[in-house]
Amino acid sequence: MASVNYKEQLAALVDSMLREGFLDEQFTQLQELQDETSPGFVEEVIAMFCGDTGTVFNEIETVMNQAVIDFQNVDPLVHRLKGSCCTVGAPKMKLACVQYRQFRDANDRQGCLSAVNLIKDEYNILRNKFETMLNLERMIQAGGTNKPNGK
Amino acid sequence: MVRAIAGSSRRRRRQRNFDSNFPKGMRVMAVDDDLVCLKFLEILLLHCGYAVTATQYPCLALNLLRQNSDAYDLVIIDVQMPDMDGFQLLESIVVEMDIPVIMLSIHGDTKSVTKCIEHGACDYMVKPARFEELKLIWKHVVKRSMTETTFEHPLATAALPLGLGDGSSQASGNDHPDQGKGKGNELPTSVSDEGSSLVKKARVTWSSDLHAVFVRAVNTVGLDRAGPKRILEMMGVPGLSRQNVASHLQKYRRALRLYGPGFFNIVQGDAGAGASGGADTSGVKAKPQRTMALALTRPVPDNGRSTEDLRVAGFPNNQTAAPVSQTPMFSLPMSNQNALVQKRPSTSLGSQQTIRQISSPSYPASIDLTGPQATLDYQNQQSFVSALDQINDFIRNTSQNLLPSSIPPVPTFASGPSTGCTTGFVTDANSSLVQHGNQQDQSTTPPVSMMSSKQDVQWGSGAYTKTGPSSGAQNNEATLNMDNHAVAPLHGTSYAESAIYLSEPSIADGTFLFDDDNEGDDLHAMLRQFQNK
Chain B
1 MASVNYKEQL AALVDSMLRE GFLDEQFTQL QELQDETSPG FVEEVIAMFC GDTGTVFNEI
61 ETVMNQAVID FQNVDPLVHR LKGSCCTVGA PKMKLACVQY RQFRDANDRQ GCLSAVNLIK
121 DEYNILRNKF ETMLNLERMI QAGGTNKPNG K
Chain P
1 MVRAIAGSSR RRRRQRNFDS NFPKGMRVMA VDDDLVCLKF LEILLLHCGY AVTATQYPCL
61 ALNLLRQNSD AYDLVIIDVQ MPDMDGFQLL ESIVVEMDIP VIMLSIHGDT KSVTKCIEHG
121 ACDYMVKPAR FEELKLIWKH VVKRSMTETT FEHPLATAAL PLGLGDGSSQ ASGNDHPDQG
181 KGKGNELPTS VSDEGSSLVK KARVTWSSDL HAVFVRAVNT VGLDRAGPKR ILEMMGVPGL
241 SRQNVASHLQ KYRRALRLYG PGFFNIVQGD AGAGASGGAD TSGVKAKPQR TMALALTRPV
301 PDNGRSTEDL RVAGFPNNQT AAPVSQTPMF SLPMSNQNAL VQKRPSTSLG SQQTIRQISS
361 PSYPASIDLT GPQATLDYQN QQSFVSALDQ INDFIRNTSQ NLLPSSIPPV PTFASGPSTG
421 CTTGFVTDAN SSLVQHGNQQ DQSTTPPVSM MSSKQDVQWG SGAYTKTGPS SGAQNNEATL
481 NMDNHAVAPL HGTSYAESAI YLSEPSIADG TFLFDDDNEG DDLHAMLRQF QNK
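First to last, the protein sequences are chains B and P.
Following this note's numbering, the numbering of the first sequence begins with 1 at its first residue and continues without gaps.
Following this note's numbering, the numbering of the second sequence begins with 1 at its first residue and continues without gaps.
Treat the hints as calculated values from the structure; they're not laboratory data.
Treat the hints with caution; some may be incorrect.
What the hints assert, rightly or not - Every beta carbon over 12 angstroms from chain P, so not counted as near; a handful from chain B, in silico:
#1 L18
#2 P76
#3 N107
What the hints assert, rightly or not - Label-pair distances were calculated between CB atoms; the ranges are:
#4 B:E8 to P:D109: 36 to 44 angstroms
#5 P:R216 to B:E32: 49 to 57 angstroms
#6 P:R253 to B:D70: 34 to 42 angstroms
#7 P:R216 to B:R109: 48 to 56 angstroms
#8 P:Y259 to B:K7: 48 to 56 angstroms
#9 B:E8 to P:Y259: 52 to 60 angstroms
#10 B:T28 to P:G236: 54 to 62 angstroms
#11 B:Q72 to P:L223: 30 to 38 angstroms
#12 B:Q72 to P:K111: 48 to 56 angstroms
The beta carbon of each residue, even a glycine, is placed where N, CA and C say it ideally should be.
Just chain P, same shape as in the assembly (with noise of 0.2 angstroms):
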């Protein structure tokens, strides 16, 4: 028999405990794969009082999420994401962790809101991300608290604290007839502590093992037929309420609606594992339960990039995730997880705003400042660059140290003989700017060279040192670290090491359709050199 009991391999019952300065504190999950968009959110939130993990590969957030789901409140996702849609990480969450899911986006429309709502996510925000909403999310975490925790702990309910909840009316005196299969003496004891703390929710964690449970009564029942009353009956785990199996079901037909019975392997990258019986929706068979418990403990690849970030990069006190097999450090309590991360010195905002980022090198460590301004390539707006110019003029001629190179151009889509562009595009009359003489940086540079510099940015030797390793920050690859801010995002590496990095990862794993014989494509140039030896 499958016990519901904290500590159980089959399950566990988050305890979760909601503390005097909640929300500050609350523990939130970023996840953007656009830098400046999730830099900017990790500054909100921390601004909020949260502590933030934030991350660019929504892979790596689901892995890190499987393997402590506890280590985290709230998550807040971008819809559009190259390596893994927004949709498909949402409903994992929502299905195997249950966990509140806020998605962000640049569209506000309203099939799109709908869309993540329908999706299982408890709000939508807009980009850019507003101060005065995030201030407000942890609402969701307390709302979610109180749906799960009305059912099962008549005990927890009562200790909630006054005017926060409107189920705590419905929970006092509720004699749920599921609560008999339950142990009563099974409450775990941090539930029961009363005062002005809230109550913790007793979040329920659909494990592989419970979740093949679930599916096997769902199919001896059938999913037509099935009602979580009955699917109860049948699982037979003690503590696992009606409630909790209604709103499990809910979600696995929404998403076997939406993705068929092969979502679970599609979302864990195991597109090609044949096994999920096909698109028979018919009925749940054995096998895709059997493909979905093995997959949900396979962690999700990440194109073997972000651990590898990992693992170079060195987090603020040079750890780095470990893979699945090990024990990670984000598996730690909370306490020991804010002695591993450096914490921002910070009287306002408390002890508890630590930020751990997690991102790839995927901008250029170093910026290439100078540059002749002759690279311009709209000379014809003299009005916006003459004060510029003027500005410009002063600065180097007064200042001993030059910084490099500017950042070099971004060429001209413009057709043109030294373009090799035939057919592609057009000249447009409209776009005089596409005109102008820019060809001579298109042709001579090609693609994935453009922003190589070859030199180091200097950043002075002042509180902006960038140059050199610092502590925490090695390589380029910023972890961006709150006490190494003025540092990790700059480092003094070379510009073109950084540029191909971010490069790579960028165009190889992006989801582009590269035409293969792409004549201003270098690479590709290279490999038909060696295809003609």
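Bound conformation, chain B alone (with noise of 0.2 angstroms):
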């Protein structure tokens, strides 16, 4: 690559995101209430949606590494991602929360349990392209928005 504009990256990224469902309308209105007053709003509450959600699964995975899970424990933590999921705009992890929702309600053991793998999953992607993100806003903020120096 040439030359390289971390901003287009950064926009090229968010796109592909949004066309791909990982992000929706939601992560869009993030971007727009960062403004003078909240500048780092958005990289912020990535950073804190990476944190939370992980400290919540270190949560989850305390429950589910008992001999019998107990899913009642589980239900306010998926309840949690789902709320943090929901307003950081990502659909496809609400998706997978949802799906635990009704495999609850259906009392569908093994059900829940891929919910959570699944849950777990999209997390995985969600969390690895918001790494990306993160570090495209930190070439951003750190070299402004020319191309690399050939460092």
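Make the complex out of the two chains shown on their own, each in a separate frame, by following the hints.
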């Protein structure tokens, strides 16, 4: 890649995530809320999301590692995840949370297990993309939007 | 005799000025245990022009409101919170302070909404909150103001601006019989402030003493036979209207019906106090009211966490919320409060764009961003990864200041020999991702330290410098002060520290039932080790 513009890269990444359904218009709204009064807002929210969700998954793991999984203990955690991913604009992860709820309502333990794993997987994908996004943001902030100087 | 005059220790009639900028500067408290949602809500509220106090802790919120309910016009509460049920907080606020409360939830079904309204919420929102809705929440404050002003202050209602009130026509000629009990010359001066400003709502604050008087009157009359007028006569509190008593009686009855006589004890974390009189709901006995009166003056226990956080965190001006026994900063009048809080430099939002976020460092101060790409546990999703790999590779190849390791992967919930879980869950044939070879991560990385990296995040020396202490942001307990916006949340402390801090409250204070024989739990393993010695 001869000429790279970090901002363009970031925009392309966000566009692709929107197209592929990893992000939705809620994320667009987050971007619109970022202005001179809250300059690092999106970055902050993404960082919060990653940190907070990671913690929740730790707790989920604790519950899931028990001999007999009590999904009642998983419920509030997934509920929390659903709130976070709704707010950040992550429809795939939200859908996985909804599926968990459906399996729970149907008392389908196997389904619940698969749903939890699906939530986790969606989160991992999302997290990876968010990492890239944050990296790009950082590049933009550090070096401006110019092309990299062959560093 | 209990006098219901401003300044009386028994009951305060709140004076709230709707100034000419209203609803800008309206003071909103937001309570949500989810940091992401809280942050988003906070920003939206600020964009609406409100003054925001945001906290993750319902207990802390309740304490703040009790210390100075005058300082807040409206409260927004998440329905589902681990520390305190949103409905309990709602009821407490409605009964004790009568501040309009809006509930917030991810569920939007009829049942949930109905339940919230029945518990006293004035409105209901589905997450994520929408800017268009938040722009109009001030109407609840005005509506509440009009409802109470109508019956109490004929002079005040006469000053109501035109076009606002359905209640004003009622009120202007109102000669409520109960007014004879009160003294006309007791009207606070601010209420007579006419002109373009909205008339203040003289909100009745049901202090513990006043409530005790109320309950005594109810007991004497009999809960089932009690009517507002009779209770009002028995209470003999000048300035109190039948309407006040009626609405309070309604809430009281509802609280008793829903939660039983022990409601106030439970809400205040005093669940062990058996003095509530047990399940006797046929009539409220003297014991419950005494306990309730005492309990109401006691600060709500917050698991010892939130006040600690406040002390350690340091607010924007290194001020912390004082314990109940002291005069807290939050009891200062609004103008002083503004002075204490760093304002966001904004030309568009006005001078009242202040925010205090009272949060704990409940998410890691630094995000660990390095880490081998191979830790991805979904390698069979190559199509999604490959493009990113190219970008990541390019960044790594071209950048000199690589960020530290990435966020450690969340372990796969797979069964397998390395996990030590046998019957807990079965390898799901559908979940091919589950089968992935991430078991090594799971086996070697204990849960609590899953996210620890020991490295600080170096965000560069630009505007987003996040290492080292910055003004007002101490440790990793981020008070998300707007001026430290870029700094506070991603402070340069050890990820391990923040992770542990983060994990402990979450797990220890959670409502989860952990099996003591959990093989995979390092903490329990350690405990067993000591026990076996």
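Against which earlier hints does the structure fall short, listed by number upward?
2, 12
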